[in-house]
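S.K.: Spelled out from the first residue to the last, the chains are:
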Amino acid sequence: MNMFPYLVGGWLLLVGCLGVVRSRDLVHTVVCVSVAQSGTYVLLVAVGYQSGAAAPVQGEGTPVPGPVVDPVVQALTLTDIVVSATVTALLLGLVIQIAKLHGTVDPDRLNDLRG
Amino acid sequence: MSRRLRLVVFGLGVSGIGVVFVLAALLIPRFGGGDHPYRDLAVPAAVARSAPNVVSALNFDQRALDTLGEETILLASVVGAAALLRPTTSEHERSIVAEDRILSATTLLGYLLLPVTLLVGLDVVAHGHLTPGGGFQGGVVLATGLHLLYVAGSYSTLVRLRPLTWYGIAEALGAGAFAVLGVSGLVAAGGFLVNMLPYGRFGDLFSAGTVPLLNLAVGCEVASGVIVLLAQFLAQALTVRATR
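Line order of the protein sequences matches chains A and B.
Per this note's numbering, the very first residue in the first sequence carries number 1; after that it's consecutive.
Per this note's numbering, the very first residue in the second sequence carries number 1001; after that it's consecutive.
The reader is advised that the hints may include incorrect statements.
Only some residues are given here: those of chain B computed to face chain A with a beta carbon under 7 Å [said to hold, decoys possible]:
no.: 1; residue: H1036
no.: 2; residue: R1039
no.: 3; residue: N1053
Calculated from the structure, these hints are not laboratory results.
Cβ atoms here follow ideal geometry from the backbone N, Cα and C, with glycine treated the same way.
Construct the entire structure; sequences and hints are all you get.
M.R.: Pasting the structure below:
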């Protein structure tokens, strides 16, 4: 099955979104957002994969013969991971403040506006 | 919106995305194939600039402008988290923290591994253009390695050996150095973030032009940024309490 890794990426994205929708705890919501973002890592790295190719790091001396996997999508994945980590940190900071202000982190009980 | 209705709406959206995604996956080049036009352009360009680690060459040379944006996002997020998590007017910071007893085996292992981890972090940053790694990865290793002080020792040890003001300054310097290197490329070679230094010999520590310098700037920024970030969360968990 040649498109299986692509489907894994899409499945991770959707199952992460399902977790966000069903969440009863904001920390769980933040983790689900990270899971959904992980789908993009899998998709990107799968797009760049080539069967039998080496890692995109050349050896000392002469460059390796033969193909390497696509380094462009790997660099994009690195950017993706950094952004995901910063988003997670900011969201967790918000969750801490919500917990202090409202005394709960259940999104279904955060209905009333409060100044 | 009730939970049931929310799930129904979600189900409709997901089935739409699912169908479109599968259709797209059927039409893109098949998994594991040899058709990678960007790879065919990026690898020779990196090799021509004496950067064996092509991923680093991409991030710090060919896509350096993106990386400037990326590290600005990191800087903004650290500033944002620090602003969100600072003690409010109805809170105060305790100076004394109740310390739990730590197994002496944990202490021994932690203090043995602390220098090793820091050394590995420095190595990953310094050789980012030669071997797998780079500023982002090495910075995170350095920042989390420093927190072995907390795991093995105590919170007060960590606070004494971690002057936060300095790390704040180091973070700003790292982010600024990246921009300064970019502007010096503009002055010296006529393009922002142009790799204007000599490329050197393939595989040398001092090679690949500005790539190792940008790696160093990012490593400095990421390590300091993550330390400042983790400090805010640790303070929330351990020392910040509501004033009664």
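S.K.: Now tell me if each hint is right for this structure.
M.R.: Now for the hints, and whether the structure bears them out:
Taking 7 Å as the C-beta cut-off, the interface hint given for H1036 (chain B) holds, the closest approach to chain A being about 4 Å. Nearest Cβ of chain A to the Cβ of R1039 (chain B): about 4 Å, under the 7 Å cut. The hint holds. The interface hint given for N1053 (chain B) is met, as the beta carbon of that residue sits about 5 Å from the closest beta carbon of chain A, less than 7 Å.
Going down the numbered hints, you'll see the structure goes against none, and every one checks out.
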